[in-house]
Amino acid sequence: MLRCWPVLLSLVTISCGLPRDPEGTSERIAATHELRVGVTDNGEWVDADSSEPNGIEPELVREFARRIGARVLWSRGSETSLAQALKHHELDLAIGGFDAKTPWKSIAGVSRPFVETADMKKHVFLTAPGESRFILTLDTFLTERMRASRGQG
Amino acid sequence: MRGIPERPDAERQLRAAQRLAWLSIAYICSTVALLFMVMGGSQAMKTEFVEDALSFLPPAFFLISDKISRREPNRRFPFGYERVVSAAYVGSAVALLAVGLLLLFDGGMKLAMAEHPTIGGFPIFGHVVWTGWLAIPVLLWCAIPAHFLGRAKRKTASILYDKTLASDAAMNEANWQSAGAAILGIVGVAFGLWWADSLAAVLISLEIIRSGWHELRTAVGDVTDRSPKTVDEKEDDPIGERITGFLQKQPWVKDVVVRVRERGRELTADAHIVPTTDRISVAEVSRTGELACKIDPRLTEVTIAPVEELPDEVLRARAPEQA
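So the sequence lines, in the order shown, correspond to chains A and B.
Take the first sequence: its position 94, counted from the start at 1, is 316 in our numbering, and no numbers get skipped.
Take the second sequence: its position 154, counted from the start at 1, is 1589 in our numbering, and no numbers get skipped.
Among the hints, erroneous ones may be present.
Listed below are the simulated DSSO-like cross-link pairs for lysine-lysine, each with C-alpha atoms no more than 27 Å apart in a straight line [unchecked claim]: (1) B:Lys1590 with B:Lys1669; (2) B:Lys1684 with A:Lys309; (3) B:Lys1502 with B:Lys1545; (4) B:Lys1684 with B:Lys1502; (5) A:Lys323 with B:Lys1664; (6) B:Lys1729 with B:Lys1669; (7) A:Lys327 with B:Lys1684.
Keep in mind that the hints were calculated from the coordinates and are not lab data.
Chain A extracted, bound-state conformation (with noise of 0.2 Å):
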């Protein structure tokens, strides 16, 4: 009975439209089938330089885009600009190995964590701020993420 709450909390709620964007971002990408994301070279998380995004967090991307039937349209650049973009919502997420401590979350939103590394470093995306419905969407594919990552380690 406990554990079945949240799950009827999130079914009403989202049945009624609940929580919404309010620069609409959800609606946006239903309409348009288009997922904008911001890309920073960084590691193994985000290899930039290839025609496509390749690495551990690209292919993130395209799994939670598949999941809310969208394709990806990348944009490169500096963190700066990347953050500067995602303020003034013309992005919807960025990424480049961001952790949940990024100095860029007073300017962004930052997701859940989707893995932990060994040096404790909560890896996160960085997302458009306040758009709570797409927010909520993403933070479910990352904690499914998050603890499948969990269970193999």
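Here the structure of chain A is known, so what remains is to put chain B in place on it, guided by the hints.
Below, chain B without anything else, positioned relative to chain A:
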């Protein structure tokens, strides 16, 4: 027992107040921990978190000062330690005011810069729910028990004449307002109104500033010996007039000025008296002082100073306050 009014139920009430203070501390630990867990990127939740964390101070002060203030007077502290509470309160009031202003600035800037608060998912029982939904029951937990705790404290405070406890009670009782504002902020965010969160944060910080200002006035009033106020700080306490009235009725008293000061839970008074004749009995003066002391259970000491004529400095105590 030293430091509490001479009333039959005062000791019992003091123990009740101590229990309430410990209960408050345990309760605040729980609210602060829960708020921290579900705070997310919400400015309103952050402000509520700081407010709750600060409300830790009054019950802690109460317990500490209750121990210190009942120490016996000595050569170094001839008037005892009653004022320790007032000194501590000046500090906490300044802190409350400063933190309130800081949070007002913080929330106001977020509102002005149109910063969207990021409130994401929270994993619970193998499922991810929106953190905002969890924040609402947490905020209710911050508001409802606090209200009843506040009411219980107010009752005890009025029996013990403890103003620090009374202002703590008032803060607890008013906490539903800030928790309510935070709930409205979160619900606003759920409906896609990003500004609801910062607006709620601004309202909560105004509440912090208000109580900080109120406490500062009370605390500064106490350390500057202004004439006593009732325990809720709303009206002037008539104790000065009552002592004056009693002394004027004594056959040997021609004129009198009574000055009363509040020292924590206690009151002390000094009375400058012009006698009707040049010769007065020492026994009579002592007896009058003792009787005057019985007028109110808070009075611990009434000093009587017979004088030929009232000194100017003392006479000014009758003058109205100049703005």
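_Which constraints among the numbered hints does this structure fail? Numbers only, ascending._
Violated hints (numbers, rising): 2, 3, 4, 5 and 7; every other hint is consistent with the structure.
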